[in-house]
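Note that my numbering numbers the sequence shown so that position 3 is 3, with each residue one more than the last.
Quick caveat, the hints were computed from the structure, so don't treat them as lab data. We treat Cβ as the ideally placed atom computed from N, Cα and C, and that holds for glycine. Misleading hints may appear alongside valid ones.
EDC-like cross-link-like pairs, simulated, lysine to aspartate or glutamate; straight-line CA separation at most 20 angstroms [claimed, not checked]: (1) K61 - E20; (2) K66 - D16; (3) K66 - E14; (4) K66 - E20; (5) K66 - E17; (6) K61 - E72; (7) K61 - E51; (8) K66 - E15; (9) K48 - E60.
Derived DEER-like restraints, expressed as beta-carbon distance ranges [said to hold, decoys possible]: (10) R36 - A81: 36 to 42 angstroms; (11) A23 - E60: 16 to 22 angstroms; (12) E15 - T63: 19 to 25 angstroms; (13) A33 - H82: 39 to 45 angstroms.
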Amino acid sequence: MVQQDNLQAGTLLEEDEVQEFSAWLTSQVNAIACARILIEQAEGDQAKICEGRSLLEFIEKSTEAKIDLLFERRNALQHEAHISH
Numbered sequence: 001m002v003q004q005d006n007l008q009a010g011t012l013l014e015e016d017e018v019q020e021f022s023a024w025l026t027s028q029v030n031a032i033a034c035a036r037i038l039i040e041q042a043e044g045d046q047a048k049i050c051e052g053r054s055l056l057e058f059i060e061k062s063t064e065a066k067i068d069l070l071f072e073r074r075n076a077l078q079h080e081a082h083i084s085h
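Using the sequences and the hints given, assemble the complete structure.
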């Protein structure tokens, strides 16, 4: 809960936005774990290794996009807060 409070204070996000991001981040970590297991258990099967790597690349791109959106939202909220003061 302290981490969520810190995230909320640092980004000016609403509590539900913080919870949504936290749940999304957990799903990303789980997807990374699945991709890692897929690669580790591929036993030289190049198709499975490629599938795992593709999954990792997708996770990386979607994570970057989500973080970019989060920063845009934070910047917009900071701008609004600055204007209202």
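Hint-by-hint comparison with the structure:
1. For the suggested pair K61 and E20, the alpha carbons sit about 19 angstroms apart, so the restraint of at most 20 angstroms is met.
2. For the given pair, K66 sits about 16 angstroms from D16 by alpha-carbon distance, which is consistent with the 20 angstroms threshold.
3. Distance check on the hinted pair: K66 and E14 sit about 16 angstroms apart at the alpha-carbon level, within 20 angstroms; holds.
4. Pair hint K66 plus E20 holds up; C-alpha atoms about 12 angstroms apart against a cutoff of 20 angstroms.
5. This hinted pair checks out: K66 and E17 have alpha carbons roughly 12 angstroms apart, not beyond 20 angstroms.
6. Simply put, K61 and E72 have alpha-carbon atoms about 17 angstroms apart, close enough for the 20 angstroms limit, and the pair holds.
7. Annotation: proposed proximity of K61 to E51 holds, straight-line Cα distance about 15 angstroms (limit 20 angstroms).
8. This hinted pair checks out: K66 and E15 have alpha carbons roughly 17 angstroms apart, not beyond 20 angstroms.
9. A threshold of 20 angstroms between alpha carbons decides the hint, and for K48 with E60 the separation of about 18 angstroms falls inside it, so the pair holds.
10. For the pair R36 and A81, the supplied restraint of 36 to 42 angstroms holds, since their beta-carbon distance comes to about 40 angstroms.
11. Between A23 and E60 the Cβ separation comes to about 19 angstroms, which falls inside the hinted range of 16 to 22 angstroms.
12. Between E15 and T63 the beta carbon distance is about 22 angstroms. The supplied range of 19 to 25 angstroms therefore holds.
13. Here the CB-CB span from A33 to H82 is close to 40 angstroms, well matched to the stated 39 to 45 angstroms.
The structure shown violates none of the earlier numbered hints.
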